[in-house]
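Produce the entire structure from the sequences given, and follow the hints as far as they go.
Heads up: the sequence lines are chains A and B, in that order. The opening residue of the first sequence carries number 1 in the working numbering; numbering runs sequentially from there. The opening residue of the second sequence carries number 1 in the working numbering; numbering runs sequentially from there.
Derived from the structure by calculation, the hints contain no laboratory data. Every residue gets a Cβ at the ideal spot worked out from N, C-alpha and C, and that includes glycine. There could be a bad hint or two in this list.
Heads up, incomplete: computed chain A residues facing chain B, CB under 10 Å, no partners named [said to hold, decoys possible]: (1) Gln-60; (2) Arg-66; (3) Glu-84; (4) Ile-88; (5) Arg-105; (6) Gly-123; (7) Leu-129; (8) Ala-188; (9) Asn-251; (10) Asp-254; (11) Lys-257; (12) Ala-258; (13) Glu-261; (14) Gly-262; (15) Glu-265; (16) Ser-266.
Here are the simulated DMTMM-like pairs of lysine to aspartate or glutamate, each with C-alpha atoms no more than 20 Å apart in a straight line [to be verified]: (17) Lys-52/B x Glu-80/B; (18) Lys-73/B x Glu-33/A; (19) Lys-84/B x Glu-104/A.
Here are the chains, one letter per residue:
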Amino acid sequence: MPKQTHKAVIFITVLITFLSGCRSTDEYKRLAEAGTKYADAVDSLLDTAGDIRINATSEQLLKDDRIQNRSIDDYIKLSQLDVERLQILSELRTHNQLLKRYFERLQELATSKAPEQAQSEIGGIVDNLNTVGNKLRGSSLVSNNEVFKGVTGFIISSQIRGALREELEKRNKTIDLELITQRELLDALGKSIKQDVELIQIAQEQRLVINPLVQTAPVSNGDTWITTRRTVLTMQKNVSQLASASMAMNNFRDVFKAFVEGRTESDRINTLLTDIESFVAIVTTLK
Amino acid sequence: MELRDEIVEKLRNLEIALNSSKIQTLMENEKDSAIKEAFVRERTDIIVARVKLENAILEQISIRLKQLEPDIKAGIKDLENEAKKLKSTIEFMSIINRVTGLLAKVFLII
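In structure tokens, the structure reads:
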């Protein structure tokens, strides 16, 4: 390749790097991965919140029944609240799926194999041209195949980074508002879950632990009773863990904002990914 | 804290108190069915009020999130278009590769 062409290629490469921003595709990939996992975690919480609400009402109905026989209207009065709650949770899950799709598309673009594919195609083209050149004039048309392949891959890769950067800049305010609102959602759900779990705990302690114990006959299966008692009494511990895990989840907004502003360190995204995993694990134990 | 949040918090505390094992056992052993009926009715009213207020809070959040959907959808579309553009570029390069490949074969035969 002539020297001037080399210089032109280097100049274009530097220019593209500047225009597409300094973030590596891998950083975009991890941010998008965090977004996808965040949406999954919220989905899991919404699902669990519905189950806990239903269980709380079921326990309540049994408690009421122990005081006085319940009618169908009494049942409907409480059950209808669950139906309404499930409807709202379903709407929130549908919205959350959209947010997940957004981050999935970001991730797909960030993990695109296009640069490698482009390198492979350009390599083939250069080889073909060299075959023709050798036949026509006894020498290769392109002397350095690897440089061409490298530059092509780099250009495609920069195009991807540019598109990702442009997208985040364009959608920055919307996603930021989304994550601020999601914080409120996590807070509201967390408080509701805490209340329901506390009610379930009180009810189950009475129904599964105290009642069998105070009956005239001794507890039939001691080991099962002990396990049940432990499970019931540790319910609140899981709820407390959920509260701290929710706070860690809230960091996603700060990480996203910092990333768009070019301030995020890779460690923060890694910590966030770990926090999201812990959050999902805690939510699963609440089910 | 907003007034609504304060009310929900008070209702939650009341609900927990009325559901305590002590009060539950007391009411289960109560002889007067009118007292029993009144107690369950009042307790249910508190539960209904608490859950309805929570539902209203969640509903409001849901409405605000929905307002953001058109822009998120536009983002998804833009990203999909970008992926399509990349795909077209690769497809175009693949065609050039095949054409030059055929050309090279022809020259080798000549």
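Hints not upheld, ascending by number: 9, 10, 11, 12, 13, 14, 15, 16 and 17
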